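Novice: Chains S and W, in that order, give the protein sequences.
Using this note's numbering, you'd call the opening residue of the first sequence number 1 and step up by one each time.
Using this note's numbering, you'd call the opening residue of the second sequence number 389 and step up by one each time.
Fair warning: there could be bad hints in the mix.
In silico DSSO-like links for lysine-lysine, alpha-carbon gap of 27 Å or less [as the list claims (entries may be wrong)]:
| hint | chain 1 | residue 1 | chain 2 | residue 2 |
| --- | --- | --- | --- | --- |
| 1 | S | 214 | S | 197 |
| 2 | S | 344 | W | 520 |
| 3 | S | 312 | S | 49 |
| 4 | S | 344 | W | 490 |
Hints were generated in silico from the structure; no laboratory data involved.
Remember, predicted model here, so these are calculated numbers, not experimental data.
What follows is each chain in one-letter form.
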Amino acid sequence: MSQALAQARRYWRQLLLASGSLLLGSGTVYAHDKDGLQFHGFASQGYIKSHGNNFYGDSEDGSTDYMEAGLNARWRVNSNLNLAGQIFTRDAGTTDNGNVNIDYLFADYRIIQQTNSGVGARVGRVRNNYGLYNATRDVIFTRSTILSPNAIYFEGNGLREILFSSDGLEFYSYWDEENYSSSFSLTLGLDKDLSDKVKRNLLGTSSNTTGDAKLLNPIFAQYIHTLNGGDTRFGVSFLSLGMEAACKLPIPSDLRFDARGLVLSVQRNFYDWTFTGEFASLDLSYITTIQRTIDSRYDTYYLQSEYRITPKINAVARFESSRSTSSDTDDETTENFVLGLRWKPTLNWLFGLDAYHFNGALGIPTGDNPFGVEDKTDIIAAMIGYRF
Amino acid sequence: MTAPGSTKDVATRGTFQILRWSLGVLLLIVFHNFSSAANLPKEIQTDGNISLLVNADVDPSELSLSSLRAIFTMRKRSWQDDTPITVVVLPDNDQTHQQFCKTVLKIYPFVLREQWDRLIFSGTGIPPVIVKDINALRETISETPGAIGYTISTEPTVSPGSSHVEQRVDVTPYLVQNLAHHDQDTTP
Numbered sequence: 001m002s003q004a005l006a007q008a009r010r011y012w013r014q015l016l017l018a019s020g021s022l023l024l025g026s027g028t029v030y031a032h033d034k035d036g037l038q039f040h041g042f043a044s045q046g047y048i049k050s051h052g053n054n055f056y057g058d059s060e061d062g063s064t065d066y067m068e069a070g071l072n073a074r075w076r077v078n079s080n081l082n083l084a085g086q087i088f089t090r091d092a093g094t095t096d097n098g099n100v101n102i103d104y105l106f107a108d109y110r111i112i113q114q115t116n117s118g119v120g121a122r123v124g125r126v127r128n129n130y131g132l133y134n135a136t137r138d139v140i141f142t143r144s145t146i147l148s149p150n151a152i153y154f155e156g157n158g159l160r161e162i163l164f165s166s167d168g169l170e171f172y173s174y175w176d177e178e179n180y181s182s183s184f185s186l187t188l189g190l191d192k193d194l195s196d197k198v199k200r201n202l203l204g205t206s207s208n209t210t211g212d213a214k215l216l217n218p219i220f221a222q223y224i225h226t227l228n229g230g231d232t233r234f235g236v237s238f239l240s241l242g243m244e245a246a247c248k249l250p251i252p253s254d255l256r257f258d259a260r261g262l263v264l265s266v267q268r269n270f271y272d273w274t275f276t277g278e279f280a281s282l283d284l285s286y287i288t289t290i291q292r293t294i295d296s297r298y299d300t301y302y303l304q305s306e307y308r309i310t311p312k313i314n315a316v317a318r319f320e321s322s323r324s325t326s327s328d329t330d331d332e333t334t335e336n337f338v339l340g341l342r343w344k345p346t347l348n349w350l351f352g353l354d355a356y357h358f359n360g361a362l363g364i365p366t367g368d369n370p371f372g373v374e375d376k377t378d379i380i381a382a383m384i385g386y387r388f
Numbered sequence: 389m390t391a392p393g394s395t396k397d398v399a400t401r402g403t404f405q406i407l408r409w410s411l412g413v414l415l416l417i418v419f420h421n422f423s424s425a426a427n428l429p430k431e432i433q434t435d436g437n438i439s440l441l442v443n444a445d446v447d448p449s450e451l452s453l454s455s456l457r458a459i460f461t462m463r464k465r466s467w468q469d470d471t472p473i474t475v476v477v478l479p480d481n482d483q484t485h486q487q488f489c490k491t492v493l494k495i496y497p498f499v500l501r502e503q504w505d506r507l508i509f510s511g512t513g514i515p516p517v518i519v520k521d522i523n524a525l526r527e528t529i530s531e532t533p534g535a536i537g538y539t540i541s542t543e544p545t546v547s548p549g550s551s552h553v554e555q556r557v558d559v560t561p562y563l564v565q566n567l568a569h570h571d572q573d574t575t576p
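Kindly generate the complete structure, drawing on both the sequences and the hints.
Specialist: Structure, rendered in C-alpha cells:
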C-alpha cells in the first residue's frame, strides 16, 4: 500500500515537472480574461536538512519530502457573479501525504456595489481569513519564508489543517475613504468530518484509539484596515470552533475540544523595508474521556523585517515566540530565529534559502520524530517555486 | 375549457415572442460589439506624464483616487451602469507600470502585487489582465467594454481628421482636481 502511494507520488512529481517545463518552454504566460475565464497555478519543491529533529520527512539526512502545487480557475459569469475553484496537493513528511484535494470552490455574489463600498457573499468551500497569510499560506510566492511563522500559523502541528477552509457561507464587505480602506469578512462553516490525517496530526498516537471525529460550528471573522493604499495594514482576526471525537479506549466515550483564537496583525511598508508583527492568543479546552476538563492557552507572536536589496532579491529576519500554558502539564516556551534570502529572477520563478533555529519543541512534527522530540532544532531549507 | 386550436396559437405566439426577443438581444450584442470595437479608448491625463486609458464606454466622472485604488486593487468590480471592470496592466517590472503605481495610485508596486496574488490564490477576486506592451494594452482596452489601464501621456496636439482625437475626451481638469486634492493629504 505504502509502495503504491510512493509510486503515485513519484508520478505526480513527474507530471508537475513535465507541466513546469512545458510552461517554461512557452515563455512568460500572460493571463487573459477576454472570455471571463482565467487559469493560474503554482508548484514548489523544497529541500530540508536539519539537526536535532526531523522536520517534514527524514530531514536529518536531507529530505525532499516537502512539495506544494495548485491549479485554479475563475470564471466571471457577469458583473455580480464569479465562480472560483482550486485543486491543491501538498506533501510534508508525515503531516501531509500528497493527495489532491479541493482547496476552495465557491460562488461569489456581489450583493451591493457602490462607488466606494461593496457587500457580497461566497457560498461553498472558502479559505479562512486568519492573520495576514492564512488564506494563501501554502503558496511560496505569498509568504515571506519557506516555512510559515510557526507562532501564528502552526506550521508543524495539526492545527494548521483546521485553520484552512470552511464549507459554508462567507459574508464580506469593504468601504473606501480618501486615505484608508476597510474590509470585513465573516465565515460561518458547516460541521464536517475530519480525515484520519488531521486526527493523527492533532492527537498523535492516541488517534489510533479514536473513532470518528467532527469539526463543529467553525466561525472565522476578520477586519482589515489599510492606510494610504496599503502603506500600513492593521488586522484583527477571530476564530471559534469545536471538535468532537468518539473514543474507543479506555472506555467508549466522547472527547470534546473547543478553541477560541484572536490575532492582531500590523504591517508597515516602506520603499526598501517591510515590518510585520502578529500576536495571537488561542484558548483550548479539552473535556477528556473521564469528564475532566483541561484548559490550555497559547500566547504567540512574531516580529519580522524584510529588506529589498534589489527589486529581485530580498532578505528577511524573524523572531518568533510561542508559549503554552496548561492546567495539566508544565508551561512550555519555544523561540524561533529565522533568516532568509530569496531571489525572484522573473515574476514566474522564485528561489529561497532559509535558516531556522528552534529553541523548544512546540511546532516540531511529532510524526516525523517517532522516537521523541529534542529541545533544539536547526534547519536549512531551500525551495524552488514556479507560478503562472 | 380551452379549445386545442387556441392552445396551439398561444404556443406559437409564445415561440415567436421568444424568437423576437432573442433576435433583439442578438442585435443588441452585435451592435454593442461593433460600436465598442469602432471606438478608440479615451485617454485621461493626470498631473504626471501618465494618462489613464479607458474604454470608450466608461464614464470618466467615476474616477477619483479612492475609486482608482479600489479598481486597481480589485475591490471594485463594476461601473455604475453595471458593466464589469477589466483592469489591463503591463508587467510588474515595466517602467510605465511602476510610474503609474507611484505617481497616480501612490501604492508601492510590490504592495499591489501582493494584493493581486492574495486574490489569485484565494479565488476571492478577478486579477488584472497582463499584456506585454503598450500597443497590446491599447488594443485590449479598446476591445473590452469596461476596461481601464494607463499609458504614457501623449501631447494633446490636434491632428485634423484623426479619429484618435475625435474619440479623446479630455477630463484633465476633473481628475487633476481630484488627485491634487488627495496630494495634500498623502505623502508621496
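Novice: Hint by hint, note whether the structure agrees.
Specialist: Evaluated hints:
no.: 1; hint: S:214 <-> S:197; result: holds (13 Å)
no.: 2; hint: S:344 <-> W:520; result: holds (19 Å)
no.: 3; hint: S:312 <-> S:49; result: holds (26 Å)
no.: 4; hint: S:344 <-> W:490; result: holds (21 Å)
In summary, the structure agrees with every hint in the numbered list given earlier.
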